[in-house]
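Chemist: The primary structure of each chain is shown beneath.
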Amino acid sequence: MDFNYLTAITFLPVIGAVLIAFIPGLSPRGVRRMAAVFTLIPLALAIIIFVSFDRSAAAAGVIQFEEKMRWIAALNAHYHLGVDGLNLPFALLTAFLGFLAVLISWKIDLRVREYFGWLLLLETSILGVFLSLDLLLFFVFWEIEVIPMYFLISIWGSGRKEYSAIKYVVYTLFGSAFMLAGILSLYFTTGTLDMIELSQKGLAMVQSIMPASAIFFFILTAFAVKLPVVPLHTWLPDAHTDAPTAASVILAGVLIKMGGYGMIRLNVSMFPEVARHYSLLLVILAVVGVLYGAALTMRQNDFKRMIAYSSISHMGYVLLGVFALGQVSLAGAALQMVSHGLVTGLLFAMVGLVMHNAHERDLRKLGGLARQVPIIAVVFSIAGLASLGLPTTSGFAAEFLVFVGSFTSGIVPGIKVYTILGVLGVVVTAGYILWMLQRAFYGPVLERFDGTPDADARERVYMFAMVAGIMLVGIYPAVVTDVLKLGISPIAGMLGG
Amino acid sequence: MQLELLAPELTLAGTAIAVILVDLFVARKWLLEGVSIAGLLIAADFTIAMWGGSYAPLFNNMLAVDSFALGFKLLFLGIAILVILASIDYAARFSPFRGEYYALVLLSTMGMMLLAGTAELVSIYIALEMTSLSMCALVCFLKDARSGEAALKYVLLSAIASAVLLFGMALVFGFTGETRLGGIALVIQSMSTQTLLASPALTLGMALLIAGFGFKIAAVPFHMWTPDVYEGAPTPVTAFLSVGSKAAGFAIILRVFHSAFGLPNWLSLEWGLVFAVLAAIGMTLGNVAAIPQANIKRMLGYSSIAQAGYLMVGLATTGLSPASDVLGRSGLIFFLASYALTNLGAFTAVIAISNRIDSDLIDDYSGMGKRAPLLSLGLTLCLVSLIGIPPAAGFMAKFYIFSGAVQNGLLWLVVIAVINSVISAYYYLRVVKMMWLGKPAVAEAKAGKPASEARVTTPATLRVALAVSCAGVLVLGIAPGYVLRLAEMAASMFIF
Chain A
21 MDFNYLTAIT FLPVIGAVLI AFIPGLSPRG VRRMAAVFTL IPLALAIIIF VSFDRSAAAA
81 GVIQFEEKMR WIAALNAHYH LGVDGLNLPF ALLTAFLGFL AVLISWKIDL RVREYFGWLL
141 LLETSILGVF LSLDLLLFFV FWEIEVIPMY FLISIWGSGR KEYSAIKYVV YTLFGSAFML
201 AGILSLYFTT GTLDMIELSQ KGLAMVQSIM PASAIFFFIL TAFAVKLPVV PLHTWLPDAH
261 TDAPTAASVI LAGVLIKMGG YGMIRLNVSM FPEVARHYSL LLVILAVVGV LYGAALTMRQ
321 NDFKRMIAYS SISHMGYVLL GVFALGQVSL AGAALQMVSH GLVTGLLFAM VGLVMHNAHE
381 RDLRKLGGLA RQVPIIAVVF SIAGLASLGL PTTSGFAAEF LVFVGSFTSG IVPGIKVYTI
441 LGVLGVVVTA GYILWMLQRA FYGPVLERFD GTPDADARER VYMFAMVAGI MLVGIYPAVV
501 TDVLKLGISP IAGMLGG
Chain B
10 MQLELLAPEL TLAGTAIAVI LVDLFVARKW LLEGVSIAGL LIAADFTIAM WGGSYAPLFN
70 NMLAVDSFAL GFKLLFLGIA ILVILASIDY AARFSPFRGE YYALVLLSTM GMMLLAGTAE
130 LVSIYIALEM TSLSMCALVC FLKDARSGEA ALKYVLLSAI ASAVLLFGMA LVFGFTGETR
190 LGGIALVIQS MSTQTLLASP ALTLGMALLI AGFGFKIAAV PFHMWTPDVY EGAPTPVTAF
250 LSVGSKAAGF AIILRVFHSA FGLPNWLSLE WGLVFAVLAA IGMTLGNVAA IPQANIKRML
310 GYSSIAQAGY LMVGLATTGL SPASDVLGRS GLIFFLASYA LTNLGAFTAV IAISNRIDSD
370 LIDDYSGMGK RAPLLSLGLT LCLVSLIGIP PAAGFMAKFY IFSGAVQNGL LWLVVIAVIN
430 SVISAYYYLR VVKMMWLGKP AVAEAKAGKP ASEARVTTPA TLRVALAVSC AGVLVLGIAP
490 GYVLRLAEMA ASMFIF
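Here the protein sequences come in this chain order: A and B.
Take 21 as the starting number for the first sequence in this note's numbering and just add one per residue.
Take 10 as the starting number for the second sequence in this note's numbering and just add one per residue.
Don't read these hints as lab results, they were simulated from the structure.
A virtual CB, placed ideally from N, CA and C, is assigned to each residue, including glycine.
Hints may be right or wrong, so weigh each one.
What the hints assert, rightly or not - Think about it this way: if two alpha-carbon atoms lie no more than 20 Å apart in a straight line, the pair counts; the simulated DMTMM-like pairs of lysine to aspartate or glutamate are:
(1) B:K448 with A:E467
(2) B:K162 with B:E138
(3) B:K448 with A:D129
(4) B:K379 with A:E182
(5) B:K379 with A:E134
As the list claims (entries may be wrong) - Anything over 10 Å on all C-beta distances counts as not near chain A; from chain B, calculated:
(6) G23
(7) K38
(8) L50
(9) R107
(10) D153
(11) G192
(12) L195
(13) N274
(14) L278
(15) P399
(16) Q416
(17) V427
(18) R472
(19) L493
Make a model of the complete structure from these sequences and hints.
Modeler: Rendered as C-alpha cells:
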C-alpha cells in the first residue's frame, strides 16, 4: 500500500485542530472553512476505501488497508489500523457525520476556534476507536474522546451543562477503568494486544489463568455504559440534551456506537463461549431497555430530551441483535447502529434547527410549525418515520434484520419470546414519534412562531445528505450489509449459529 | 579509589559553592541561575558518560555506580534544572538570599544523587539527612508565618521520621551484623526460615524502615505533613519537594528492599503485600481528601499522596515478582519520570499564574483560559496526565505499572487504582472547569482592585520550563518506547 489511507483519515482532523488552534489571526470564517476542509478530505478518503473495498467472499474476515508498525516494544503494542467488513461502515459513518457536524455548527459564534478544535479532535478519536486493531491503541483513542466531549458539552451546551458534562466524564471513565483492568488481564494471560489475533485464537488462550467471564464483564462494563444498557444509561439523557447540536449529533450518531461495536469486536468475537453462556441475561437486559426506554420517551415534554430517550430504546435493539448471537441478528445489530446514526443524527440536527430558529423546545408550547417551516417539518417527519421503522427507510431494514435474526437464532433459549416482546417496542416507538410530530409540527398554527426562518441553503445540504443516506440504506440495504457480512461471518462461524 | 566516579556529585558541590561566591561578589544576578544550570548540565554530562560502563563500588562498597543509580541521578538533575528554570521569576522575592536559595537546591539535589547510589545503611542515613536539611531551609525561604510553620512542621516530623528510620536500621544491623545491603542479604539468605522468624528484630526493623521512608514519599499514614508543607512552602520548593524528594524516597526504598530483603521469596512477598495495602489506602485517602480542597497547592499536595499510592503499586509488584523480574522496578521508574514531568509542568503553570494574580485559590483561576490561553492549555494537559488520560504520559505510566501488577496477581489492587483514577478526575477537572468555563478576574475584584481581563504575561524562563514539561508529557505519552527501554536498563541494580 503506497498511501496510508487509514492514517490519513484518522489524523487529518486533529491536524486541522492543531492548525486552527495555533495559526494566528484566523478569522471565524477561516476557522470554519478550515474545519470543513479537514473533515471533507477524510470523508472523501473513506468513500474511496468503501468503494474499493474487496467484497468478494474470499475477503471474509480479511483485514484490508492494513497498517502495522511496532509502537511500544516493551508492551508488545503496535500501531495497527485496518478495516474489515465490521468497522468500515462505522468509519464511513463517522467521517460522514464529522463533516456534517461542521456544517451543522456553522452558526456557532462563541469561542469559534476552541469549538472547532475540540470537534475535530473528537472526530479523530472516534475514527481511531473504529479503525484500531491493537487493544492499547483502541483504548488510547477511547479515552481521548472524553476530553473534547467534556468541553463541548460544558462550554457550548445549554441547561445544566456543567453537571451533564462531568456526569458524562465520570460515567465514561468509570466504564473505561474496568475496561483497562480487563485489557491488562487479557494482555497478561495472552501476551498480545492484537485484536485480530485474540479473536482468532479465541478462548483457548485465555482459559488457563483467570476466569474468562471476569475479563468479559470487565470489558463489557465500558461498552454497556457507552451503548447504554439500561441500568447504566442515566448519563445519556443529560448529556444528549445539554450538548450543543453538533455534539448531540456526534454523540448519538457515532459515539454510542463505539459501545455496540466494542461488544461485537471484543466481547463476542474474543469470548464466544462466555457470550453464549451469558447471552440470556443480556438479551433480557436488552428487552428491558427497549420497553423501559420507550416508556420513558413517552413521558418527555422536552423536544430534545425525547429524542435522547428514544436512543436508549433503539440501542436495546442493538443489544438484542448482538447477544442473540446469530449471523443475521449480528448483521442486523450493526446495520441498526449505522441506521440509527443517520436517523438520530438527523433528528438531533432538526431539533437543533427548531430550537435555534423558533427559540422553543418545550413540546407543550410548540405546535403547527409545519406551516411556518415546511422544509424542516418534512425532513423531520422523514427522520421520524425512519426512526419508527417505516419500510424504504434504513430503520425498517435494520429492525427487520434484528428481529428476523434474533427470532431464528437458535443459541439463546426462549429467544422467540424475547424477540416478540422487543417488537412491542416498535409499537410504542410509533406512538411517541407520531405524537411528537403532531405536537410540534401539526395542530393549530401558533402566531408566535410566525416569521420563524426555515432551513437555509447550507442546512438543506446536510439535511438532504442525511435523508439520501437513510433512503439509500432503506431501499438497498445490501450496500452496507454486503460489507458487514464479510466482517460478521467469521464471528458467527465461531459462535456456531 | 576511583574518585572520578563521584564526578557528578563533586561538580554539584563545587557549583553550590561557586553560586554563593558569585552572589557575594557579582551584581548581575542572572549569573546565579546561569552558573547553577551550567553546573547541573556538566554533572548530567558526567553521568551520561558513565552510563553503560562497568558497575563499580566506591569507598569500601558504600556507594554503587550502577545503571540504577545513574538513571536516578539523571532524573534528579533534570528535575533540578526544571525547578531552577521555574524559580527564576519567583526568586526575586528571596532577595538578598537568592544565591543561598540556588545553592540549597543544588545541595539537596546532590543529596538525592548520593541517595540513589548508596548501598550501605549509614551512608543512606547521611544522604537522606543532607537532602532533608537543605529542603527544610528551602521550605521556610519565604520567611512569613505560613512558610515558617510549614518549615517547622517539616523539620520536626522529618526528625521523627529519621529517628524511626535510624531505629529500624539499628535493629536490622543488630540482627544481621552488617550495614552493607549486600551483606545483609547474604546473612538473611544463609539463615533458615525458623531463625528468621524466631526473633521479631528483622520484621520490626523492616516495619520501621517502611515508616521512616514512608515519610519521604508521603505514604499514608505518614503523610500528615504533606498538605501543610506544600501549601506553606514557596511554590518552586513545593514542586521540588513533590517530585525530587519523592523520587529519591522511592529510589532508596527500591534499593534497600530489593537488594537487602529481596530473597528469600516469602520475605519479599511479605513486604510486597505491605506496600500493596499502603498503596490502596494511600491512593484512596489522597484522592478523597483532595476533592474538597480550595487551594491548588493543597490540592496538588493531596494529589501527590494519591500518586504515591499508584507508585507503591510498583513497589508491591517488585515484592511479589521474582527477584529477576524487572517489570515492577522499571514500571516504577517510568512512572516517576512521567510524574516528575507532569507535576513540574503543573507547578510551573501554577507559579506563573499565581505570581500574577497573587492567589493560590482554585476559584481565582476562573477564566484563566481567556487571560492566559497557553498557560491554561499546559496546565490542562498536566492535569489530564495526572488523571491518566491519553495521550498524556500519565496514562502510559499507569498502563505500564498496572500491567506489571496484573502479571503478579495484583488485579484487586489495579481495580482499586483505576477506580481511584475516576475519583481523581473529579477534582482535577474542577480546576480545568474553572479555567475554561469561569468568568475572568475574580481575584482582582475581591481584592478591591479594578476587575481586569488583562492577559497574564509570563516570563520566558517559565514558558521554557512549561514547554519542556509539556513536550515531555506528550512524548512519554505517545512514543514512550525509548524511555521505557531506558527505564528497563535503569532497573538493573548491582548488589554487593
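Chemist: Identify every previously stated hint that the structure contradicts and give their numbers, smallest first.
Modeler: 1, 15, 16, 17, 19
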